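One letter stands for each residue in the lines below.
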Amino acid sequence: MPHDAMSKLVGDYYTTHFTPDPTSEGDTLILNLGPQHPSTHGVLRVVVEMDGEYIRRSEPVLGYIHRMHEKMGEVKTYLQYLPNMGRVDYLHALAWNWAYVGAVEKLMGIKVPPRAEYIRTITCELNRISSHLLWWGAYILDLGGITPIFYAFADRERIMDILQRVTGARLTYCYYRFGGVSADIDDDFIKETREFLQHFKTRLPIYHGLVTGNVILRGRCEDIGVLPVEMCRRYGATGPVLRGSGVAYDTRRFEPYSVYDQLEFDVPVGKNGDAMDRYDVRMAEMVQSVRIIEQALDALPAGPHVSPDLPERFIPEKGEVYFAVEGARGKIGVYILSDGTAKPYRLKLRSPSFSNLHVFAELAQGTLLADAISIMGSLDLVIPEIDR
Amino acid sequence: MGEALQQQLAYVGYGLYLLLIIAGGLAAVMSTSLVRALMGLILTLFGVAGMFLLMNAPFLAFMQILIYVGAVSVLIFFAIMLTKTPEGEAGAENMLEWIGMRAGLAVLAALTPAIIMATLIVKKAPAALALKPEVTLAQLGEFLTGPFVLAFELISVVLLAAMAGAVVLGFERRKGK
Amino acid sequence: MKTIGQTIKSLWSLIVGLKITTVEFCKPQITVHFPRKEVTNLGSYRGHIDLVPLANDPQTPRCIMCGYCADTCPSGCISLKFHMVGEEVNPEQRRRLLLGLDVAVPRSGGKTPPPDKIERVLDGFHLNYNYCSLCGLCVQGCPVGSLAFSRDSYLVGRARQDFEFDLLARLKSRAGTNSGKAAA
Amino acid sequence: MIPAMNPLVLFHLAALLLLALGLYGITIRKTLVGMLISVELMLNGAGLALVASARLTPASDALGQVGTLLVMGLAAAEATLVLAIILVVFKRFGTSDSAKISTLRG
Amino acid sequence: MIIELLATPLGHTVAALVAILAFLGLNGLVMVYMERKVCGFIQLRPGPFEVGPRGLLQPVADALKLVGKQLVTPLGADALLFWLAPFISFAPVAICFLPIPFGPIATGMEMNLGLLLILAFSGLNALSLVLAGWGSNNKYGLLGAARAVAQSVAYEVPLLLSVLAIAFQAGSLNLSTIVEGQKGILSWNLFVQPLAFVIYFISATAETNRAPFDLPEAESELTAGFHTEYSGMGFGIFFLAEYSYMIVVCAVATALFLGGYDGPFAPGIWWFLAKVFFLVLILMFFRWTFPRVRFDQLLNICWKWLIPLGLANLVATALVMKLVK
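Residue numbers (my numbering), protein chains in the order written: chain A, 1 to 388; chain B, 1 to 177; chain C, 1 to 184; chain D, 1 to 106; chain E, 1 to 325.
Please keep in mind that the hints were generated in silico from the structure rather than gathered at the bench. None of these values were measured; they are calculated from a predicted model. For glycine and all other residues, C-beta sits at the position ideal for the given N, C-alpha and C. Mixed in with the good hints, there may be bad ones.
Unchecked claim - Calculated cross-link-like contacts (lysine-lysine; reagent style PhoX-like; alpha-carbon spacing at most 20 Å):
hint, chain 1, residue 1, chain 2, residue 2
1, E, Lys304, C, Lys2
2, C, Lys27, E, Lys37
3, A, Lys318, A, Lys348
4, A, Lys106, A, Lys343
5, C, Lys9, E, Lys304
6, E, Lys37, C, Lys19
7, A, Lys201, C, Lys27
8, A, Lys318, A, Lys106
Unchecked claim - Here chain A is said to cover these stretches of chain E; the calculated rule only asks that three of the stretch's residues, wherever they fall, bring their Cβ under 8 Å from a Cβ of chain A:
hint, segment
9, 37 to 48
10, 138 to 146
11, 211 to 220
12, 287 to 294
Based on the provided sequences and hints, a complete structural model is requested.
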């Protein structure tokens, strides 16, 4: 046995410092889940200490896709920072667009024309459906079901086609502008969206039949990763993760922005806070998004899609602002501290995945590896958003 | 095929199986890695199964593979995995001492009964018999439920007890955690 | 009894799943074999930016060399080259011009602003597409509407240099082929 | 020489070999698992001898085979139990080295 | 001379082995193509279609790719055991094919204990998985190996129980005899003993390590489980063995429950193959439809449901047989 060669394989800082718990008895195994593991969806790495198949402790290791978005905000002008927002969370890019644009508008007191507000609502909710669809497919993929993600992608492609029509992009949208949106929607867009919504309503029963009702999936999700409300509060978990635990907290409802206070929609909540509840909440949210889009399409006013009286340059007064929107993963917050120059003095992004992720370490304790994968999937993590 | 050829083939088969047994047995007791030792055991098991076949007892041969290879070896593998003794099992640091002190004794202990029994067998060996027809399953079954019913029930009880014991021991382990 | 009902229900859920996959199995496929067929929604595709020529002169871009695009671009992938004609410019003025500092052109909704005091001639409009994030800020910000997204969806290249364009040269060559076609 | 030998002797020699190897293994092995493997070797030898004796002598055929089957059952039971014991021992002592397992240290 | 040799039992067996190996190689190609096409159609994709007409040559290209890859032995692995494992997984399959009656006269080796032989040798599969997982010096492999053990302990018993019920009924362990006992579709054991069929098929899915019971390789949990470290043909042989096991368990199911080569019009062997591949298709649909169960759930299914049901079925069969006699 080449012992000297083996000794080189001792691991890096995290594995060597993640030494077995002194209170634990018996042999444990330090296992690196990631950064290239099929279920960490990207480059999340979780170091786990395992006792057989049971997880003793786990610790997420971040930073593999850190791009210094916050620092970039300090060296770019307010306008130049816009495209960055599509890259923070590539799955629900428009929510991040909205959070940043909304924050700057609040800071500078820019009025947004009503048509733009409705367009934002429609596109953002479409984007939410596409994000949830991808989560749905990927989650079942984590649990070993390979087919659903293809069905999800087929529908997601249609959403992307629709959004491509106005945003010009398929994934990393940079669509919202200060005071409006970059392009107006046309009748074709509305027609296609309505068609898609009809189609999507016929697809949902198939999804539920194929997956939700499946006894194997229920066995993998029910009573797995039960997340008490108190723990959500401790970690600041938001979005479907929090709502799955039974708290009907939705930024769209509790800190209404844009036109959400004029639209009717429910905030679905779970009961037990297990993975199945989080699953159900997301599935129900897609239905609510459909409702919102339909109402918004019906109520779509005429008018300009971007505010006509915009300042020439976006240089806000001294001051600070915080603006939050509800993303697919939870509360997206943007905090800007302005020193009166063309660039923000400090820009802070509150990403929901970051808070939701840290629930994992505590939830996974004492569970089986397979359950831990199920828990991680049910949190709907987007790694670039965690690292920013 | 002629009778003589079949006889020759049988001897060839015997030699092959004996080779398996010897190689496997040596690996089972000599190799430093326990997994390799287990592989040796499995080789031996196949050799013995082959010998059963040579004796026209295919049922036993298949049972040997089913029970020993399919179940017992896998269990032993489990034990090896759980106790994490992958290598240096025979003690690389004081191998010489071990061999010096105990190997002689071991060989003596192993050979004594062998020699005694070998001489006994060779002396009392009956005349070679033509191979009797294969024992059918029905015969075996009747035997197990007839004269050997007590032994059969006993082995069932032993198996049950072993299973229960293993479960109890295993539970004790979980509780201790 | 309840357990049995539960079991039958769960077994039925498996059959429902199999039924759905069987139905999907019989449906026609929805993927597009790319080299043989093309997707139909490329009309709204946004490629790299291109210069828009004047309505009456396909050789000349509408660009007034204000430098807004180069200034706004988050990735700094646009660079302009131009020289002056007419009255001489002192070096200091020239430097400022090159930086585009004093030519903050008001948003004019695509209309050409009044002719500048100094006439500038565009020598090159370089786009480094490698860094472009297709945000569209330059297109929307251009005061004279001189920039537009191309529909070039099948752009491929083997090296970085393949994505460093001189848009002015592209415009001219395009105009050349177009006029050539028209002549023919 | 060998072809002339009685088949019964041949099989018994193989059985003896197994027995000897098993015995040797039991003494030389340090871990419980190693010993278990050696015991299995010996049990196999016993089975082989039983079958050979029954098949190649006028003794009852079924008797030998049933005996061997019982031996196999015993081996399975024994393996299960020993596995459980090894696990407990390993949990308690952190090793399955028989030399180190001793609580007689006062 | 050759024909004479083939006529002897030994010659027949050797010829059958050669034929089986050829069949296994071809079968691997067919099943790879079949699986990829089935998966593609279920997922609304075309499946392979670039290599050859309708992608027919895709499996050949796959095989060539696997053969061409470098064989890597991981650092710290026990090279002997590591490379032994694929062969232990593949070799017994060929033997398992011997007693399967493909047609009235197309049996590799007529033997009274054919069923027992298949059960005995298919049990070796678990051993090879364990060996592969252990030998590759990989933590995922080790976890996969541990799962393989737990799984094999769980599914072997109900498998045996369900098969035993059929053997009771037929009074034989000879597959040909069992097939001969099912003439006409109504006397198929599928209708006589549906419970045994369900138990057998679930256990067989677990035996072949196919989804939803593909726990030892569980790619979303253990990356690739026991074969994480295998490259090239090392992986290829595992792959081939998995597909061959699928054929074995489906062939046994056909012989035990679906009347074997029983069927009108066409020669028996075609009926047999058609039934086998229909069952294989069902296995494939399972894989592309269901999520994976957790391993303690598999144990629960086996110990709490399949084994009691299997025992009950066995006892009931014995009672009925006694009464009928």
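Mind taking a look at whether chain A covers the segment 138 to 146 of chain E? Criterion is 3 or more residues with CB to CB distance under 8 Å.
-> holds (count 5)
Whether chain A covers the segment 37 to 48 of chain E (at least 3 residues having a Cβ closer than 8 Å to its Cβ atoms) = holds (count 5)
Straight-line Cα separation of Lys106 (chain A) and Lys343 (chain A) no greater than 20 Å?
-> 16 Å, holds
Pair hint Lys304 (chain E) and Lys2 (chain C), alpha-carbon separation not exceeding 20 Å = With Cα atoms ~16 Å apart, Lys304 (chain E) and Lys2 (chain C) stay inside 20 Å; holds.
Take the C-alpha atoms of Lys318 (chain A) and Lys348 (chain A), compute the straight-line distance between them, and say whether it is at most 20 Å.
-> It holds: about 16 Å lies between the C-alpha atoms, which stays within 20 Å.
Count residues of the segment 287 to 294 of chain E with a Cβ under 8 Å from any Cβ of chain A, then say if the count reaches three.
-> holds (count 8)
Given that the segment 211 to 220 of chain E was listed as covered by chain A, double-check it with a C-beta distance under 8 Å for 3 or more residues.
-> holds (count 6)
For the pair we were handed, Lys37 (chain E) and Lys19 (chain C), check the Cα-Cα distance against 20 Å.
-> 18 Å, holds
Is Lys318 (chain A) within 20 Å of Lys106 (chain A), Cα to Cα?
-> 13 Å, holds
Compare the distance between the alpha carbons of Lys27 (chain C) and Lys37 (chain E) with 20 Å, and conclude whether the hinted pair is satisfied.
-> With a Cα-Cα distance of about 14 Å, the restraint between Lys27 (chain C) and Lys37 (chain E) holds, given a limit of 20 Å.
Given pair status - Lys27 (chain C), Lys201 (chain A), alpha carbons within 20 Å | Holds, because 18 Å separates the two Cα atoms, which is no more than 20 Å.
Does the alpha-carbon distance linking Lys9 (chain C) and Lys304 (chain E) stay inside the 20 Å limit?
-> 17 Å, holds
Taken one by one, the earlier hints all hold for this structure without exception.
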